[in-house]
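Please take these sequences and the hints and turn them into a complete structure.
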Amino acid sequence: MALKIGIPRALYYHKFYPLWHTFFTELGAEVALSPVTDRNILKRGSDATLDEFCLPIKVFFGHINTILKKADFLFIPRLISTEKEAYYCPQFFGLPDMVRVAFPDSPPILEPTFNVKGKGATIEGVFIELGKSILKGKSESLSAYKKALDAQAGFYSMIAEGTIPPDVFKKLYNNPLTSVKKEKDYGRTGSQTTIALLGHPYNIYDPLVSMNIIKKLMDRNIRLITTEMVCDDIIDAEMKRLRKPVYWASGREIVGAANHFLDSKGVDGIIFIGAFHCGPDSLLKALIEREAQSGDKTALLSLSFDEHSGEAGMITRLEAFLDMLEIKKRRGLTAS
Amino acid sequence: MKVVIPHMGQLDIACRGALRGLGIEVVSPPRSSNVSLKLGARHSPELACLPFKVNLGNFIDALNDGTKMIMTAGGCGPCRFGYYSILQERILQDMGYRFEMVRADEPDRLANLAKTLKDASGAISKFTAYKTVYFIYKRADFLDRIIKWGHFLRPRTSEGNKLSKLCDDAIAMVDKASSLKELRQVKKKVKLLFKDIRIDNAKKPVRLGLVGEFFMVVEPFANMDIERKLGSMGVEVTRGVWLSDWINDRFRFNPFKRNQIKLVNRIARPYLKYPAGGESANTIARTIMFAKKGYDGVIHIRPFSCMPELVAQKILTKVEKDYNIPILTLSVDEHSSEVGFDTRLEAFVDMLVRKRDKRLA
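Order-wise, the sequence lines are chains U and Y.
Going from the first sequence to our numbering is simple: count from 1 and add 418.
Going from the second sequence to our numbering is simple: count from 1 and add 4.
Some hints here could point you the wrong way.
Said to hold, decoys possible - In silico DSS-like links for lysine-lysine, alpha-carbon gap of 25 Å or less: (1) Y:LYS277 to U:LYS502; (2) Y:LYS119 to U:LYS662; (3) Y:LYS122 to U:LYS658; (4) Y:LYS266 to U:LYS535; (5) Y:LYS325 to Y:LYS296; (6) Y:LYS152 to Y:LYS233; (7) U:LYS550 to Y:LYS277.
Stated by the list, open to error - Covered by chain Y, according to a simulated footprint, are these stretches of chain U (three or more residues, beta-carbon under 8 Å): (8) 504-517; (9) 655-668.
Unchecked claim - Okay, the calculated beta carbon distance ranges per label pair: (10) U:LYS550 to Y:ASP326: 28 to 34 Å; (11) Y:THR161 to U:THR540: 55 to 61 Å; (12) U:PHE521 to Y:ASP98: 43 to 49 Å; (13) U:ASN458 to Y:PRO274: 32 to 38 Å; (14) U:PHE521 to Y:LYS296: 46 to 52 Å.
The set of hints was computed from the structure by calculation and includes no laboratory data.
Since this is a predicted model, take the numbers as computed values, not measurements.
Virtual Cβ for every residue (Gly too), placed ideally from N, Cα, C.
Here it is as structure tokens:
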């Protein structure tokens, strides 16, 4: 019988799933993915953590809880740095350790440490080690890793074309993600309103955390650009303009994209989604908001979510923002 | 050149005498108070952690008093502290203040500290910078020792007020010393003064470890003077973090003292395989060390929503059971009330005393 690797549908699942999925299936393992986030999962997560943790971490613990009994191994990578310039959030450093404390009866945890800032560490080496821990040889792991990289690259190119990640996952793995119901044509431009939806991938793409904001916007026939679609060159150029580059992995992308869209008139509006209690967000949000208020910039709506957020309040703010964009556009105030 | 350094324990005092020789005059902002915190909090992002708000309050106070240069430290993550200064600079500029900010973005590296000092004072050689940092270390080391004596004496003496005054006087004397020679003379004097405090050897104080986020542990305003409070309740406090250790771990001025970073990372490893930034590994390791030394309890203090300390807190729930040591976690922000804080401290100490008396009986 094939090994079952439990992967929670939370945190960096939303960005690295093609890589992980391909790697494990290529090695002959089976991937047990937790279901789509719902209230019950969030409640289980809140029970297993402390109240001051941010919403996505609570969601993550809820997902772990649902796959405890269904997997032979849990896959919880310790993401420290995957590029030289940036760290992940410190809470990611201790995720496997916290899971062990929260769920003493958890199956063994596969916890590869990704730290390219460390001495001599390569991502390739981490995957070979990871293969070793499920009793696979070096060459097997290496070829699986190559295929996984291709899958991840394919995923990135689809995003670059304008497909949002949940749709890509739907296409690739036939995942029943609730955020988007029907296929949409992303290529359309012209009179269509374009909005940049910025925030951590695990906030934006999770239907419960973001209260399905992607579907809400798409139903209103709005073209979306999310953080992952902005190319690295733009981010790097924006970082150079700052007094000091942001040193969090997705914080870099968010601030870079936000500053880019605030200045360029490529989009009609920007929506920033943050999580209550997210450490990096608390500072970066202030930075983006202050930038937005300095001079003639693109309109910005910043929303912050926690487990008590009411959907009605969010819809009201969203509608008000969209109405404002509409009025602005009609008056010809936006250049596009 | 007048330069302001935000309050963090005795950091400003440690720096002042050492930087005097470089022509930098370190001004202490008015002692942090609820007024300055309110002011800082009003202009800070609502969910920024407490040190951010306290620091910003200090800066506003200092700029109002006419200081034109701010000196502060940064860092490159993963904790929020490294990005403080960028946002604080922006906020102060938006408020209309004109000033210059020099920051050490890599306070771990001597070259970077030297560059920061150069930015503030004009040309200085690398050797001078090294000497200056060494002098800061020596001062911080002695200031920490004064505090340690206070920790030992306070629960054992009935002359609490005299001791408080003595500690303050001793710190003021260190403040005035502007060379290593003067510092040595001050040390001799202070040691004699501390012999004056009468202690009651019959008293057997409860022993408590104090761990947590660096700023919260060393800054008496932020932790509501927890050390003196516990001391006067008859508790002997031992700190888990020291400014002098922080400097020595990075620059090894005293090579005979163990590198605390390596030590705590090793002890914490069974629970936390990779330190999650900040003082997370230190918090876990010190708690284990206190438990092994037979301490009666541990107080874990951190700012509200502190990322590394939350990881530590989650893991401490297991350490607490494994080592059977009571832990009280205090999460502090600008809304924390001192009365509620005191009540929890008193209840915790009462419990520890009763537990110990039961064990001894």
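* What hint numbers does the structure not satisfy? -> 14
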